[in-house]
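Chemist: As a plain string of letters, each chain reads:
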Amino acid sequence: MSAPGTPRARVAEPATPIPARIGSTVQSSPHYTTTRRHSLYGTEDRIILDPGSRIWKVGFSGEGRPRDVMLVADSQHGETSLWKLTRLEGDVGMEEQERMLEAMLQDRLRAVFHDSLLTDPKSRKVIIVENALLPLYIKEMIARILFNNLQVPSISFASSHLLALLGVGRITGLVLDCGYLESTALPLFASRPLFPNLRTTPLAGARLTNHLRALLLYFGEYYPPLTSLGGSANTPAASHPKRVPAEILTDAVMEEIKMRCCFVGPALDDAENLTGSPALEADSSVELEVPPSDMSIEDSEASHSPSHRASMDVDMASVSVPSGSTSLSVDAAPHVRQGEAYLRKLRKMYERNSTATNLAFKVVPPPGSQTGTGRGTLIVPGWIRERGAEVLFDGGDVDESSVAEVILDALLKVPVDLRKTLASSILVVGGTPMLPGFIPRLHAELIQALTRPLPSPSPRTSRARNTSTRNANKPNPPPYDHYASIRPLAPHIAILNNPSPDSSSATGVVRSSRASAHAGKAPAFTPAVLPWVGGSLAGALKIGGEEIAREKWDEATGGQDDEIGPDESMEVVDERPRRAPHILPDWSRAPLLPGAPPAPRPQQLPAMSQQAAVGA
Amino acid sequence: MPPIKDKYTIHSKAVVCQDVELKGDITIGAGTVVHPKAAIYAIAGPIVIGQNCIIEEGAILVNRRKEVMRVGDDNLFEIGCRVESPTIGHFNTISAKSRVHHTVRISSFCVIGIRCLVLPADDEILPDYTVIYGGSTSGDAAGVDAVVERRVWSGRGKVQEADLRRKHAEYLREMLPKFNRVRRGDGS
Amino acid sequence: MAPSVNYHCPCLSSAATPPPPNLPSSSYSFHPLHTLYFCEECDAVRCNRCVSVEVSGYYCPNCLFEVPSASVRAEKNRCARNCFQCPHCRNTLSVVPSDPPDAGDLTSSTIQIGSIGEPPFFLYCNYCRWDSAEVGITFEKPTGLALQLQKTEDSAPDSLEFERLKEHFEPFLRASSLSASTSHLPSTSHAPHTHTNPITAAASSALARDIPGVGKYNPSLGRSGGPGGGGGRSGRDRTANKDEMPEYRSRVQIGGAGSGGDEDADLMRHLEVPAEIARLEQRWVSSWATSLQSKHLKPLRIPLHSKPTKRCPSCRHILIKPEQKAQSVKYKIKLVAANYLPAITAHLPHAQIPKRPVALKSSVTSSTGPPAAEEDTAEPTMVAGKTYPFQLALTNPLYDPIHVRLAVQRAPLPPQLQSQDTAGTTDKEKEKTRRPPFAVSLPTSAFPIAAFAEAWEYEDEEELFDEDGGLVDKSSPAKDRAGKGKTKTVGVLEKKANCTVVGGEVVIGREGRGDVKFNMLVSYTYRSDDPAPSDGGEGDVEPRSPTAPKAAPEMKTFSFFTVVDLGVIVPKDETKVE
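Residue numbers (the UniProt record's numbering), protein chains in the order written: chain C, 1 to 616; chain E, 1 to 188; chain X, 1 to 578.
Quick caveat, the hints were computed from the structure, so don't treat them as lab data.
It cannot be assumed that every hint is accurate.
Unchecked claim - Subject to a maximum C-alpha distance of 20 Å in a straight line, what follows is the list of computed EDC-like cross-link-like pairs (lysine to aspartate or glutamate):
1) C/K242 with E/D122
2) C/K542 with X/E167
3) X/K298 with X/E140
4) C/K362 with E/E149
5) E/K158 with X/E134
6) X/K76 with X/E276
7) X/K295 with C/E256
8) C/K362 with X/E276
9) X/K76 with C/D115
10) C/K542 with X/E170
11) X/K298 with E/D122
12) C/K362 with E/E124
13) E/K158 with X/D99
14) X/K321 with C/D115
15) C/K542 with X/E163
16) X/K298 with C/D68
17) E/K158 with X/E118
Stated by the list, open to error - Sample of chain C residues lacking proximity to chain X, with all beta carbon distances greater than 12 Å (derived):
18) E89
19) P241
20) E351
21) A356
22) V364
23) P366
24) V398
25) D399
On a predicted model such as this, the values are computed, not experimentally measured, just so you know.
We put the beta carbon where it would ideally sit given N, CA and C, even for glycine.
Whole structure, please, built from the sequences with the hints as guidance.
Modeler: This is the structure in structure tokens:
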């Protein structure tokens with residue numbers, strides 16, 4: 001076994017047991033029958049931790065699947081994620097929020113070691129699968145807890161996007177991580193993340209959940225349970241459906257509906273859209289009804305797409321849904337109500353475009369209502385199941401690009417030479433792409449965005465093209481095509497882990513040979529676990545990235561090796577400044593290093609500037 | 001409702017303990033064992049229980065309908081369950097503390113799990129081999145677990161289970177009379 | 001909610017004083033006494049959030065087999081014997097033989113099968129009746145099941161694919177290390193990758209040190225990545241359609257059932273029952289695209305548990321050490337705080353009646369109602385604008401008598417706002433700066449608690465009560481009763497064996513709202529370090545040496561913080577309704 005810490009020592013003995021030992025069968029005690037090596041985990045085995053805002057995946061390097069996956073959100077207090085996109089402002093609020101977060105992180109991290117992995121943290125090096133946009137203060141918190149409380153020997157941070165690529169056997173590609181809080185597209189070339197080209201959008205799992213909830217509140221049907229158990233022999237006829245009470249759509253229920261009911265249908269049929277457009281004509285008035293919080297979106301939308309009206313008519317789905325969904329994103333009913341008319345329009349269109357069956361979903365009735373004699377029934381309409389996720393594909397908003405747009409935007413930023421390469425090695429990871437049909441649909445959306453006829457952002461049939469080109473005769477300035485420069489890439493678009501590469505090629509675009517050589521060629525790891533698998537691989541190959549050793553940390557944090565407060569004899573009044581100096585490497589710090597670099601990272605600097613250069 | 005007229009028909013080979021609450025027109029078949037503190041209420045219509053059933057302590061069988069409530073053979077009603085199904089087939093297991101509403105008819109080889117509440121809004125017939133079990137831990141501390149899951153049993157192992165059931169009943173028929181006073185029906 | 005007292009462990013913050021109790025985060029600093037440990041070396045309380053945990057043994061919670069740590073890793077922390085969990089309901093599965101083939105007529109009373117099992121055997125869930133034959137798992141013999149299953153597990157596509165990925169990357173790492181040492185070595189040994197060496201080396205060196213990575217081959221990387229210098233490479237790229245590394249060829253390409261393709265979308269589209277789709281928790285551990293359907297779920301091996309040894313985080317002394325054997329629930333070392341700190345329970349006299357079992361409520365209130373009649377007996381909560389007595393019962397676990405002094409924490413709480421109020425005021429700012437809506441009075445002088453003695457556990461309490469503290473104690477119940485009325489509730493109310501009850505009082509402001517929750521500093525003085533902790537507990541009781549401890553040996557003081565939560569304040573207007 002090679003010494004730890006020499007990264008390119010030949011991995012003669014892989015740390016995992018190789019499946020070559022099945023044959024021997026001595027029955028006495030199953031534990032000694034196999035020829036697998038009886039080693040406890042060596043220090044070679046890193047712990048791979050993929051800390052999402054909602055779900056964590058943990059396990060040992062060299063294994064093909066995580067040992068444990070856990071929901072870390074504080075669901076008892078109705079939280080859906082451990083941290084949010086926003087951070088409270090102000091001293092008191094923020095401090096308190098951070099204290100809470102740190103305490104919860106500590107809980108979860110301790111549970112990882114003590115309950116899930118059952119291992120001693122003091123002898124385990126840790127690789128953290130780090131999302132590029134993991135807030136620094138959370139990163140520091142995690143490091144602080146791991147070093148101070150759990151006393152792990154070393155931590156390395158590895159970019160989740162890169163690891164995901166490793167998981168499919170590549171080091172170059174454009175990775176979209178569609179998680180819970182946000183979707184992030186990051187191009188990587190030759191294992192270098194091009195961080196400056198990173199693009200992100202809040203259209204992700206949380207938004208989908210909120211959108212689904214809003215739709216269900218309006219269009220779901222709810223049959224409460226029978227009121228009395230003892231009742232007489234005459235059965236009450238099927239009770240009448242009720243409006244869905246907001247309380248029953250808890251986070252857990254929503255997640256289950258998402259998981260067990262929802263999927264992503266093919267792109268909306270444009271022809272139908274056109275026929276339906278008269279009904280949607282009145283839409284602009286409706287849009288004004290949405291709460292003021294949307295006005296900014298309205299504005300940006302208007303400025304963004306010059307052919308505003310056309311976009312409303314032809315492809316209202318792709319433009320206006322975000323505004324609806326943002327207004328609906330909150331669970332509170334009154335807030336929702338304003339968008340009702342708008343939602344009805346939405347429903348009309350979605351219903352036409354869905355063939356999915358309605359589902360009866362059993363839900364626990366709200367605690368306040370009558371008696372707990374069973375579960376109520378929530379009818380989830382088929383069109384919600386199929387079209388709920390449309391919200392993720394509806395772009396047109398500069399601040400909230402669709403998941404397809406976020407990929408294209410990243411492509412736009414990438415140096416020209418790399419675009420084709422990256423366009424044909426798109427990788428989609430994260431929990432939300434686990435929705436059946438998500439990736440094929442994303443592919444279709446990408447193609448559409450690149451092939452849609454010019455003036456109108458909406459695409460597809462030649463009919464649409466004709467009408468819309470005629471519209472372009474309007475005295476408007478020549479339509480601005482955001483993606484003009486990457487339109488030639490359309491035939492090259494390929495999603496590596498597209499499970500149905502062939503069906504989604506039926507978009508009229510002939511795929512280049514390169515695209516067909518890449519599309520759907522990734523191994524069948526699930527998108528959600530790919531970053532973790534890559535981390536495991538990196539750990540096994542000992543390329544986990546720069547290690548921060550505990551000694552270094554202790555040194556940097558002033559020998560603050562214990563986080564045990566002073567006992568009562570010591571009169572320490574002020575809270576010690578707990579901010580660690582900049583010891584943790586982070587890409588976002590690279591450009592901000594004009595002054596003297598912090599001592600403990602001498603060879604850190606060139607790499608950083610290097611990355612910046614690459615990206616520039 | 002007219003006063004319920006009691007009429008018990010207990011087969012001579014059945015073992016029905018003295019301390020059992022019976023009301024209405026009840027027929028109990030051969031080999032069936034009724035533990036003390038069980039209750040059988042034929043409120044509206046008669047109840048007919050088949051052979052080799054086991055009705056444990058605290059179990060309550062209620063017939064709320066006019067027609068005859070028929071319970072087939074080799075059913076096991078565990079402690080504290082409450083069953084109002086109009087018909088019950090054979091070889092079913094109604095587990096402890098579960099409640100089955102009168103809107104449910106049970107076929108054969110079904111299992112109602114511990115503390116499960118079976119309460120469909122409409123009349124329903126549980127097909128053969130239906131298994132209902134508590135799907136999550138969200139049931140409140142007391143009472144029944146309304147959050148139930150449903151499966152279909154493959155039926156594998158049913159012979160062994162039936163065999164066990166028979167032995168169970170046989171043992172009880174032997175042992176119960178030694179420690180309990182046994183009731184004899186009006187006409188046996 | 002019954003009043004509670006939790007104990008502070010200072011591990012979360014470096015401040016000497018606990019956080020204000022009304023901050024939500026403070027709940028992480030306070031723990032029930034029974035979850036705390038006590039380090040004798042450091043003379044400090046330790047909690048489960050700060051102790052360092054080591055594993056002293058692994059065992060299967062189902063078969064209680066002690067798994068040697070050597071095999072734990074290979075078994076992936078799961079039982080390698082015959083213990084499996086049902087994938088649907090997580091119940092333990094049992095191994096059963098198949099039914100005899102002639103299972104024709106069940107209703108005929110002539111079923112005769114012995115206990116001889118017929119192969120094939122399969123796993124069977126007694127709860128939801130799932131069996132492993134449904135997913136095609138059967139066994140020839142009923143033993144060593146995990147071993148029999150091992151074959152399928154080892155050839156699982158994810159681990160094979162993983163090995164393949166490793167093999168894919170390893171040559172590059174090797175090549176990069178080679179070329180790193182001997183700058184440009186033709187990579188003849190790696191035939192498949194024929195494109196130029198510098199790029200390979202660049203790619204692999206980049207790979208070798210990825211993330212913030214160190215650019216060993218900066219020039220070439222810069223060239224390929226930068227917009228200016230990428231021409232040559234990307235030209236090659238265009239023609240050869242090559243990445244920097246040879247294409248990885250997947251063993252199994254994505255696209256089967258469960259990988260989220262059209263097939264799955266179709267399944268979802270025509271779904272009739274949501275339960276046909278497996279739940280998230282049932283699928284998320286699987287890294288491989290597997291069927292969405294719950295009917296395809298496989299049995300799970302039961303996860304092992306560990307017996308942890310817990311150490312003090314600062315001095316490394318062992319606080320908890322369990323006995324090795326899995327069957328044993330005993331500890332070799334057990335330094336729990338309950339053996340060192342007095343146990344404190346709080347209760348509100350006015351709330352005691354309704355706390356009786358609800359079923360008995362009517363009768364109880366009628367019989368015991370009068371004493372507390374002046375209080376609103378129906379409500380265990382406190383109404384704004386009123387004054388309530390409360391009682392704290394302190395129980396001494398030590399073999400020595402102790403003297404306890406209680407103090408409500410003054411307000412060092414919000415960074416700047418130091419409200420030096422009267423001794424009774426806690427800082428309970430609801431909106432950060434608002435003053436606490438209540439004031440607490442506690443006995444200010446120290447009071448004694450008799451030593452713990454085993455004998456007391458066995459003897460009749462009443463007797464002891466008379467014997468020991470007759471004088472003091474007899475007066476106290478009276479005082480207690482008298483105090484119920486108004487103000488004389490503060491002070492020592494009752495002494496019984498090693499338990500002393502003191503009374504306090506809380507005055508709630510008219511506009512009070514929120515919880516009555518305050519931090520309380522408890523200091524107790526005890527005789528330290530006597531090797532023979534005077535066992536004659538009864539004799540030793542010195543109820544009246546209040547503050548001045550008898551010269552005696554050395555006296556030591558230990559202080560700790562607690563948070564006392566008495567319950568919610570009911571706003572005034574609400575109660576007026578009734």
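Chemist: Now tell me, hint by hint, if it's right for this structure.
Modeler: Status of each hint after checking the structure:
{"no.": "1", "hint": "C/K242 with E/D122", "in the structure": "17 Å, holds"}
{"no.": "2", "hint": "C/K542 with X/E167", "in the structure": "13 Å, holds"}
{"no.": "3", "hint": "X/K298 with X/E140", "in the structure": "18 Å, holds"}
{"no.": "4", "hint": "C/K362 with E/E149", "in the structure": "10 Å, holds"}
{"no.": "5", "hint": "E/K158 with X/E134", "in the structure": "15 Å, holds"}
{"no.": "6", "hint": "X/K76 with X/E276", "in the structure": "29 Å, violated"}
{"no.": "7", "hint": "X/K295 with C/E256", "in the structure": "17 Å, holds"}
{"no.": "8", "hint": "C/K362 with X/E276", "in the structure": "13 Å, holds"}
{"no.": "9", "hint": "X/K76 with C/D115", "in the structure": "13 Å, holds"}
{"no.": "10", "hint": "C/K542 with X/E170", "in the structure": "10 Å, holds"}
{"no.": "11", "hint": "X/K298 with E/D122", "in the structure": "34 Å, violated"}
{"no.": "12", "hint": "C/K362 with E/E124", "in the structure": "16 Å, holds"}
{"no.": "13", "hint": "E/K158 with X/D99", "in the structure": "7 Å, holds"}
{"no.": "14", "hint": "X/K321 with C/D115", "in the structure": "17 Å, holds"}
{"no.": "15", "hint": "C/K542 with X/E163", "in the structure": "14 Å, holds"}
{"no.": "16", "hint": "X/K298 with C/D68", "in the structure": "16 Å, holds"}
{"no.": "17", "hint": "E/K158 with X/E118", "in the structure": "14 Å, holds"}
{"no.": "18", "hint": "E89", "in the structure": "14 Å, holds"}
{"no.": "19", "hint": "P241", "in the structure": "18 Å, holds"}
{"no.": "20", "hint": "E351", "in the structure": "14 Å, holds"}
{"no.": "21", "hint": "A356", "in the structure": "4 Å, violated"}
{"no.": "22", "hint": "V364", "in the structure": "14 Å, holds"}
{"no.": "23", "hint": "P366", "in the structure": "20 Å, holds"}
{"no.": "24", "hint": "V398", "in the structure": "25 Å, holds"}
{"no.": "25", "hint": "D399", "in the structure": "27 Å, holds"}
When the structure is compared with the earlier hints, violations turn up for hints 6, 11, 21 and for no others.
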